[in-house]
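Novice: Listed below, chain by chain, are the residues.
Number of protein chains: 2
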Amino acid sequence: MMKRFLILLLVIPASLFAQMPKVARDARTWRQQHERPILGEFTALLSVPNVTRDRTNVRHNAEMLVAMMQRRGIAARLVTIEGANPVVFGELVTPGAKRTIAFYAHYDGQPVDETEWATPPFVPTLRSDSLEHGGQIIPLPPPGTPLGAEARMYARGSGDDKSSIMAMLAAVDALRATGTKLHSNIKFAFDGEEEAGSPNLQAILAANRELFAADLWIICDGPVHQSRRPLIYFGARDVVKLDVTVYGARNELHSGHYGNWSPNPALMLARLLTSMKDEHDRVVVEHFYADIVPLSATERQAIADAPDIDAELMRELWLGATESSPKKLAELITEPSLNIRGMSSGHTGAQASNVVPSSATAAIDIRLVKGMDPRLTQDRVIEHIRRQGYFVVENAPDAEIRRTHPKVAWVERGHPGLGAVRTPMDLPIAQEVVKIVESVRGPAVKLPNMGGSLPLAEIEQPLGTHTIVVPIANHDDNQHTFNENLRIQNLWDGIEVMAALMSM
Amino acid sequence: MMKRFLILLLVIPASLFAQMPKVARDARTWRQQHERPILGEFTALLSVPNVTRDRTNVRHNAEMLVAMMQRRGIAARLVTIEGANPVVFGELVTPGAKRTIAFYAHYDGQPVDETEWATPPFVPTLRSDSLEHGGQIIPLPPPGTPLGAEARMYARGSGDDKSSIMAMLAAVDALRATGTKLHSNIKFAFDGEEEAGSPNLQAILAANRELFAADLWIICDGPVHQSRRPLIYFGARDVVKLDVTVYGARNELHSGHYGNWSPNPALMLARLLTSMKDEHDRVVVEHFYADIVPLSATERQAIADAPDIDAELMRELWLGATESSPKKLAELITEPSLNIRGMSSGHTGAQASNVVPSSATAAIDIRLVKGMDPRLTQDRVIEHIRRQGYFVVENAPDAEIRRTHPKVAWVERGHPGLGAVRTPMDLPIAQEVVKIVESVRGPAVKLPNMGGSLPLAEIEQPLGTHTIVVPIANHDDNQHTFNENLRIQNLWDGIEVMAALMSM
Numbered sequence: 000m001m002k003r004f005l006i007l008l009l010v011i012p013a014s015l016f017a018q019m020p021k022v023a024r025d026a027r028t029w030r031q032q033h034e035r036p037i038l039g040e041f042t043a044l045l046s047v048p049n050v051t052r053d054r055t056n057v058r059h060n061a062e063m064l065v066a067m068m069q070r071r072g073i074a075a076r077l078v079t080i081e082g083a084n085p086v087v088f089g090e091l092v093t094p095g096a097k098r099t100i101a102f103y104a105h106y107d108g109q110p111v112d113e114t115e116w117a118t119p120p121f122v123p124t125l126r127s128d129s130l131e132h133g134g135q136i137i138p139l140p141p142p143g144t145p146l147g148a149e150a151r152m153y154a155r156g157s158g159d160d161k162s163s164i165m166a167m168l169a170a171v172d173a174l175r176a177t178g179t180k181l182h183s184n185i186k187f188a189f190d191g192e193e194e195a196g197s198p199n200l201q202a203i204l205a206a207n208r209e210l211f212a213a214d215l216w217i218i219c220d221g222p223v224h225q226s227r228r229p230l231i232y233f234g235a236r237d238v239v240k241l242d243v244t245v246y247g248a249r250n251e252l253h254s255g256h257y258g259n260w261s262p263n264p265a266l267m268l269a270r271l272l273t274s275m276k277d278e279h280d281r282v283v284v285e286h287f288y289a290d291i292v293p294l295s296a297t298e299r300q301a302i303a304d305a306p307d308i309d310a311e312l313m314r315e316l317w318l319g320a321t322e323s324s325p326k327k328l329a330e331l332i333t334e335p336s337l338n339i340r341g342m343s344s345g346h347t348g349a350q351a352s353n354v355v356p357s358s359a360t361a362a363i364d365i366r367l368v369k370g371m372d373p374r375l376t377q378d379r380v381i382e383h384i385r386r387q388g389y390f391v392v393e394n395a396p397d398a399e400i401r402r403t404h405p406k407v408a409w410v411e412r413g414h415p416g417l418g419a420v421r422t423p424m425d426l427p428i429a430q431e432v433v434k435i436v437e438s439v440r441g442p443a444v445k446l447p448n449m450g451g452s453l454p455l456a457e458i459e460q461p462l463g464t465h466t467i468v469v470p471i472a473n474h475d476d477n478q479h480t481f482n483e484n485l486r487i488q489n490l491w492d493g494i495e496v497m498a499a500l501m502s503m
Numbered sequence: 000m001m002k003r004f005l006i007l008l009l010v011i012p013a014s015l016f017a018q019m020p021k022v023a024r025d026a027r028t029w030r031q032q033h034e035r036p037i038l039g040e041f042t043a044l045l046s047v048p049n050v051t052r053d054r055t056n057v058r059h060n061a062e063m064l065v066a067m068m069q070r071r072g073i074a075a076r077l078v079t080i081e082g083a084n085p086v087v088f089g090e091l092v093t094p095g096a097k098r099t100i101a102f103y104a105h106y107d108g109q110p111v112d113e114t115e116w117a118t119p120p121f122v123p124t125l126r127s128d129s130l131e132h133g134g135q136i137i138p139l140p141p142p143g144t145p146l147g148a149e150a151r152m153y154a155r156g157s158g159d160d161k162s163s164i165m166a167m168l169a170a171v172d173a174l175r176a177t178g179t180k181l182h183s184n185i186k187f188a189f190d191g192e193e194e195a196g197s198p199n200l201q202a203i204l205a206a207n208r209e210l211f212a213a214d215l216w217i218i219c220d221g222p223v224h225q226s227r228r229p230l231i232y233f234g235a236r237d238v239v240k241l242d243v244t245v246y247g248a249r250n251e252l253h254s255g256h257y258g259n260w261s262p263n264p265a266l267m268l269a270r271l272l273t274s275m276k277d278e279h280d281r282v283v284v285e286h287f288y289a290d291i292v293p294l295s296a297t298e299r300q301a302i303a304d305a306p307d308i309d310a311e312l313m314r315e316l317w318l319g320a321t322e323s324s325p326k327k328l329a330e331l332i333t334e335p336s337l338n339i340r341g342m343s344s345g346h347t348g349a350q351a352s353n354v355v356p357s358s359a360t361a362a363i364d365i366r367l368v369k370g371m372d373p374r375l376t377q378d379r380v381i382e383h384i385r386r387q388g389y390f391v392v393e394n395a396p397d398a399e400i401r402r403t404h405p406k407v408a409w410v411e412r413g414h415p416g417l418g419a420v421r422t423p424m425d426l427p428i429a430q431e432v433v434k435i436v437e438s439v440r441g442p443a444v445k446l447p448n449m450g451g452s453l454p455l456a457e458i459e460q461p462l463g464t465h466t467i468v469v470p471i472a473n474h475d476d477n478q479h480t481f482n483e484n485l486r487i488q489n490l491w492d493g494i495e496v497m498a499a500l501m502s503m
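Chains A and B supply the protein sequences, listed in that same order.
Under numbering that gives the first Met the number 0, the first residue of the first sequence is numbered 0, with each subsequent residue one higher.
Under numbering that gives the first Met the number 0, the first residue of the second sequence is numbered 0, with each subsequent residue one higher.
Please note that the accuracy of each hint is not assured.
The list makes no distinction among identical chains, and a pair is therefore deemed to hold if it is satisfied within one copy or across any two copies.
Claimed, not checked - Here are the simulated DSBU-like cross-link-like pairs (lysine-lysine), alpha carbons at most 35 Å apart as the crow flies:
1) Lys-434 to Lys-327
2) Lys-327 to Lys-276
3) Lys-434 to Lys-21
4) Lys-21 to Lys-180
5) Lys-276 to Lys-326
6) Lys-97 to Lys-434
No lab work stands behind these hints, which were simulated from the structure alone.
Bound-form chain A, shown alone (with noise of 0.2 Å):
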């Protein structure tokens, strides 16, 4: 089915060609002549660590980021705040434009663990085509040379999300290059901090309103449909983080001298965590789904109209069942998770050793819709805590706590973020963007919000304007873990939507 897929795409491009907006059709022409230098300029981007909270390395980021526009033309510049991961602003104004749009990426990067990687995650690695398809490390071709159809660079925010910026600044390059002219003012800003959350960027966005104003925001962040058909998003959902630690004994204990006395947390966490879902992998956290807006009428619609792709996404991705079927992952992303992103108590593998540990935690991220508020929702799944018996506490529990309390939990909430929202997809810009894209990409999925989390409400509550996610990532990148990859076709393909958008 992939396959299917897969050819379909390939044909669609080469029959849609001669209909390809001119703008799109000159781009693809630039690129081809000029692969080697964006290669080269995107391996130099990517070299650079970007893992959030590496603030040093950030900061090295966003100043290569404005010497890049620069170059361009572009009048750039750093703006933040106090304590703050700056965001990068750019700008091309069009003389007598009559609106803005603006460009948003993110520079920054999930934390990443080395050892897990085939080669490290910050000396960007071209190979052949995939992994997983036994892709091999191979060189940047030589200028004139086409890369085949699956060759992927791998590196941490090769996918997410500095390709989308790539190819924001290579589309700047080819209409430069061919004498396009504009008709709108735009804007670019990079973020930071999505990968935390955008903590700053509402207040950041809110003490610079003018500097940011725009008629429409175009994010460019996620990866497009997993039938390779363009995906465009009308909204995102949030997420927010709940950390959680409950106790044994003081220090982990010998667990044939304690072992079925002393109270062992890896079970008692076992059991807090089964009490989240019930067995249809629904959530029971009380009032958890009560504040939700529905979904409309176009929006259901849209859903019923994506390509049907689970059957496919489960043999590529080795799974025999997935969870809340017979649902479908399109329709589930319009729902909140509740996930479970990580789970340690004691050791496993050779550094195993016979005890009853001494804590156990959960990393635990919850995915949002229009209508949840993100502090109310951590405060629910703390007061189930509580119904499960825990004595909760927001710091470390002392001596004194723990021998009082049979059973103590430690919640570490996450920074809230601001809810998550959806564009109207009927908005009379919205469809000017679908006929754009579809122009140069052929049809595309559209959803009511992609599963993923985007500052969306961080945008457009500040500066009172809508926005549109416009993805272009592979869909297996591996964001967000290791081996992280962009299929180069994807950036090639990326840089003639980008052109397109920004001549509308």
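Fit chain B to the known structure of chain A by using the hints.
Specialist: Here is chain B on its own, set in the frame of chain A:
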């Protein structure tokens, strides 16, 4: 309460000193004159890493022990079979001896996670008190200067179980120096694989029956009672391990794009572990308790006579509850346990990222009591996993297996031992051991079995002998975890006990 016990302990030896057997009094006097060289030799022994699977260093330990015994005129050598860490054998032949007593200890240690230790596990470090009580690093005292009563040596193996070896060899020195006449042949057997369940001990003993033959094996391992009273165990629980891994998708997935569609293995594991016990902490694996040999009236009485230290132990360990309450620790360790010794999925803490993990693993150890068959018990747990809907494999499952089964569990069996044994408490030689220990150290706590595991069946079966466990380490020695330590006074006391037992 612990303080009260402590005072009792400090008072009893002083008043009892005159009533102690001469051999013990002589050992004390000799020890007080030789503390510095004993600590020096102990430090040297603890400096050699001894993690069971680190075979090169384990061998180095074994050779060092042979040299230590030979220096004392004990005929010593390594006894082993292909693929095993050696047993260090030693013998003191007593002309005209009417019987043979073997002394067992082990020189290997549990794995270490160096990052968790206050000082490196193989850099033996003397402290004025326990870390929990603010103990400071102190140098070895000059000859003739006694250590404080709470001074401790920190190192892997300090409590478990090189202290036992050190007590035995220092006891030999004291017996020699004071010209004490022995009545029995004395043998020593120092195991190099105890922490891995002594998988080769039975075979090594079976192949050398004559060499290891003895009327009684005295096993010196584990801690004394939490009240600091001497402790005699007449058996031990056996231990058998199982590692269970359950699966989500082939690789970690973005928790936004795939959360609440791709199955979360951490939740699957949580549910599986939860299913293994009921709300009263009773194992609900079918037939888990079916084959247990009940305690005799003598054994039940011994448990009833044991000091009730649960409340004080809870205070010391920061516990607000215990499992299977209101049953006491002394009773619970005569029942089997099913313990999660480690659990992991994805990452927690700073390494956590927003993913649906790809797999989740639990490391389980089961403590068996007399009557339970180790392999059959593993089978029963595996059958329980199957009943939870899992397709169980005993090797890493491939793509096809994962695609064709909704729930897949990879179960890795630990090496099953020979099961738990208990020596009848009223056996004449058992009563003799009790009498000697109590004459030296005052009234002992006598329990049918220890909660921890020792290769007692591996000794009794091939040799047709009996085993009795006489531990010397402090109960708060952190054995099996980080910051393992020995309270030096326990070593001093142990020398007196060993000297008295050797002269029986």
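Novice: Hint numbers the structure violates, sorted upward?
Specialist: Violated hints: none; all satisfied.
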